[in-house]
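Please model the entire structure based on the sequences and the hints provided.
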Amino acid sequence: MNVGQILLWLCLLSSVFASISGVLGLKRADWARVGRFSSVAVFSLSSSALVILALAFLGDDFSLRYVALHSCYDLPSVYKLTAVWAGQEGSLLFWLWVLSAFSLTFLLRNRDRLSDGALPVLSLVQTFFCLLVLRSDPFLKLPFVPEDGRGLNPLLESPWMVLHPPSLYLGYIGFTVPFALSLAGVASGDDGWMERSKRWFLFSWTFLTLGILTGMKWSYVVLGWGGYWAWDPVENASLMPWLTATAFLHSPPRRKSWSFFLVVVTFELTIFGTFLTRSGFVSSVHAFARSPLGYYFLAFILLSGGSAGWIGLRGRGKERSEGGIMLLSGLVLCALCLVTFLGTIFPAVSELLSGRRMALGPGFFNTIFAPLGLFVFLLFGICRKGLKSPLPLGLSALSLYLVLRLGARGPYPILAALLGGFALGNVLLQALRSLRSGGFGRFGRDLVHLGTVIFAFGVYCSSLGTEENVEGVGPGEDFRFGGYNFTLEGFSPEPKRGSMLLKAKLRVKEGREEFTLSPGMEFYGGGETAYKVEVRSGLLKDLYVAMTEVTRDAASFYLKVVPGASFIWSGGYAVLTGALVSLIRRKDAAFR
Numbered sequence: 107m108n109v110g111q112i113l114l115w116l117c118l119l120s121s122v123f124a125s126i127s128g129v130l131g132l133k134r135a136d137w138a139r140v141g142r143f144s145s146v147a148v149f150s151l152s153s154s155a156l157v158i159l160a161l162a163f164l165g166d167d168f169s170l171r172y173v174a175l176h177s178c179y180d181l182p183s184v185y186k187l188t189a190v191w192a193g194q195e196g197s198l199l200f201w202l203w204v205l206s207a208f209s210l211t212f213l214l215r216n217r218d219r220l221s222d223g224a225l226p227v228l229s230l231v232q233t234f235f236c237l238l239v240l241r242s243d244p245f246l247k248l249p250f251v252p253e254d255g256r257g258l259n260p261l262l263e264s265p266w267m268v269l270h271p272p273s274l275y276l277g278y279i280g281f282t283v284p285f286a287l288s289l290a291g292v293a294s295g296d297d298g299w300m301e302r303s304k305r306w307f308l309f310s311w312t313f314l315t316l317g318i319l320t321g322m323k324w325s326y327v328v329l330g331w332g333g334y335w336a337w338d339p340v341e342n343a344s345l346m347p348w349l350t351a352t353a354f355l356h357s358p359p360r361r362k363s364w365s366f367f368l369v370v371v372t373f374e375l376t377i378f379g380t381f382l383t384r385s386g387f388v389s390s391v392h393a394f395a396r397s398p399l400g401y402y403f404l405a406f407i408l409l410s411g412g413s414a415g416w417i418g419l420r421g422r423g424k425e426r427s428e429g430g431i432m433l434l435s436g437l438v439l440c441a442l443c444l445v446t447f448l449g450t451i452f453p454a455v456s457e458l459l460s461g462r463r464m465a466l467g468p469g470f471f472n473t474i475f476a477p478l479g480l481f482v483f484l485l486f487g488i489c490r491k492g493l494k495s496p497l498p499l500g501l502s503a504l505s506l507y508l509v510l511r512l513g514a515r516g517p518y519p520i521l522a523a524l525l526g527g528f529a530l531g532n533v534l535l536q537a538l539r540s541l542r543s544g545g546f547g548r549f550g551r552d553l554v555h556l557g558t559v560i561f562a563f564g565v566y567c568s569s570l571g572t573e574e575n576v577e578g579v580g581p582g583e584d585f586r587f588g589g590y591n592f593t594l595e596g597f598s599p600e601p602k603r604g605s606m607l608l609k610a611k612l613r614v615k616e617g618r619e620e621f622t623l624s625p626g627m628e629f630y631g632g633g634e635t636a637y638k639v640e641v642r643s644g645l646l647k648d649l650y651v652a653m654t655e656v657t658r659d660a661a662s663f664y665l666k667v668v669p670g671a672s673f674i675w676s677g678g679y680a681v682l683t684g685a686l687v688s689l690i691r692r693k694d695a696a697f698r
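Take the sequence shown: its position 529, counting from 1, is numbered 635 in my numbering, and each next residue is one higher.
These are calculated hints, taken from the structure and not from any lab test. Glycine included, every Cβ here is placed at the ideal spot set by N, Cα and C. One thing to keep in mind: the hints can contain errors.
Said to hold, decoys possible - Okay, derived cross-link-like pairs now, SDA-like style, lysine to any residue, Cα gap no bigger than 25 Å in a straight line:
1. K602 / L164
2. K615 / T654
3. K666 / G632
4. K323 / K611
5. K615 / K602
6. K323 / E583
7. K615 / F561
8. K602 / V656
9. K638 / E600
10. K611 / E583
11. K247 / K323
To be verified - DEER-style ranges, computed between Cβ atoms:
12. R219 / R539: 46 to 54 Å
13. Y679 / R539: 43 to 51 Å
14. L434 / L187: 43 to 51 Å
15. S363 / P252: 55 to 63 Å
16. G617 / L164: 44 to 52 Å
Take a look at the structure:
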């Protein structure tokens, strides 16, 4: 047993002791203090274990199986650090560390009966992840020391690897604190859990949003298929808790049972998403290798979900009827989540029942999301004061002009453009009123809504008039696509450590404008290939070019014109900015 394994065992013992102390602390306050000190030990021990694993990567310690499988001598140092969470073992340790940090932050800043009630729940969740980390064992030694490691998957050697997985983890894990608060509050009858939960939800929702957006951008600019969302099961796993978390942030204050339901479902969906990526239950290019750990997650979902349901039924009381648009929007978001859930598990369920795995393609999701998305536009557009301003109608006309210019035809695109523009105008009016009245926090909320409308408009536009083609061409030859003239001027090889990057030089003309694109392919010693995509972004459309095949005297290029892509990213940035404004308004209240 090495130092890392000893630290993990001590972490498990500390977490178990914190759980026991937390339960005893429900009756005696001194035991709750002991539980808090035990949480300090869990954080310290998990931090030490994570540092040791990171140092093993930086020091090329290939005696550890996990390091040997995910690193090599030639791997740049920054990717040696990101390799810590590139595989299942390290990502679980990172999850445990973030969970212990969040739990400790909450427990040290709150010393009341509600936080005492949350302590055993947080500690039990930590105990579960301690067991998972020990079961996967990132510090397992090999019987021999290889000369070099296998290296990192070339697709993971990307700057997005620095931001995307940690953002998702911060989003996922942050929902554990509201889950613990809700159980403690409902069990004790303390309604203060709702306000504290919304603060943590906003924080976690912001990072989950960042994780989803960076994942979309990573897929768009790196993978070489010209899209940003494929309704892949692992992509869906991040979308489902985002939808229910958004519903909770819009839940009416007096609908306590509804809010409790949303908190529990959001937490369970984060665990379910982890189950999807680690069990082999679904097929996904983003998933980890098949592992028996998936059954542990499934058992935990059943146990924690059943316990939460029992507590919720016992603590259920009378509520005042309240809701209106906020409740209706939450129901729509939950309906979208249910559709995503059913579509995600359908292949596995169909195989279980019929012996044949039948998948539901993007068309299934798009068919349902599109009309419900229009309904959300309609809800955004409900603003009586907006009827007195010409702005909503003006933006409706502008959006209609844009979609017609992008090639849209038929009543459905026209309806979407009109509703989207009308919603955008009303949200803009609300944001301007918030600024004039000095409502900085309300402006953050309005900016989130504004970004959401712009984002949805971009998603819709990108599905209207997309053009794509594959062209084979040799040096000096011309071809035409999507209103652009291309000339392949040649190739330029760039030797790198452990790989060879071959770039093409494409001269492109559009009217009087001329520019150069350099898509490429990077070849690795192990036979892997990574695409180096070039994207020429404009206000109304993107030109997307990827080199997909190359021979001695020719190359094939995948070309795509994506309308409205700039609205997707600008809308996403607006959502994140608005969320950050709301967090700043609350100062550090998100951690209380």
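We went through each hint and held it up to the structure:
For the suggested pair K602 and L164, the alpha carbons sit about 20 Å apart, so the restraint of at most 25 Å is met. Of the supplied pair hints, the one linking K615 and T654 holds, its CA atoms being roughly 22 Å apart against a limit of 25 Å. Simply put, K666 and G632 have alpha-carbon atoms about 30 Å apart, too far for the 25 Å limit, and the pair is violated. Proposed proximity of K323 and K611 is supported: the alpha carbons are some 24 Å apart, at most 25 Å.
At most 25 Å may separate the alpha-carbon atoms for a hinted pair to count; K615 and K602 exceed this at roughly 31 Å. A distance of roughly 32 Å separates the Cα atoms of K323 and E583; the hinted pair therefore is violated under the 25 Å criterion. For the hint linking K615 to F561, the alpha-carbon distance of about 29 Å lies beyond 25 Å, and the restraint is violated. With a C-alpha separation of about 19 Å, the suggested pair K602 and V656 falls inside the 25 Å cut-off, and the hint holds.
With a C-alpha separation of about 13 Å, the suggested pair K638 and E600 falls inside the 25 Å cut-off, and the hint holds. Our distance criterion of 25 Å between C-alpha atoms is met by K611 and E583, whose separation comes to about 12 Å. For the proposed pair K247 and K323, the alpha carbon gap of about 37 Å is over 25 Å, so the pair is violated. The beta-carbon spacing between R219 and R539, approximately 40 Å, falls outside the hinted interval of 46 to 54 Å.
Evaluation of the 43 to 51 Å hint for Y679 and R539 yields a failure: the beta carbon distance comes to about 23 Å. Our hint of 43 to 51 Å for L434 and L187 holds, since their Cβ atoms are close to 45 Å apart. One distance hint, 55 to 63 Å for the beta-carbon pair S363 and P252, holds here, with the actual separation near 56 Å. A beta carbon spacing of about 51 Å between G617 and L164 agrees with the range 44 to 52 Å that was offered as a hint.
Checked against the numbered hints listed earlier, the structure breaks hints 3, 5, 6, 7, 11, 12, 13; every other hint is satisfied.
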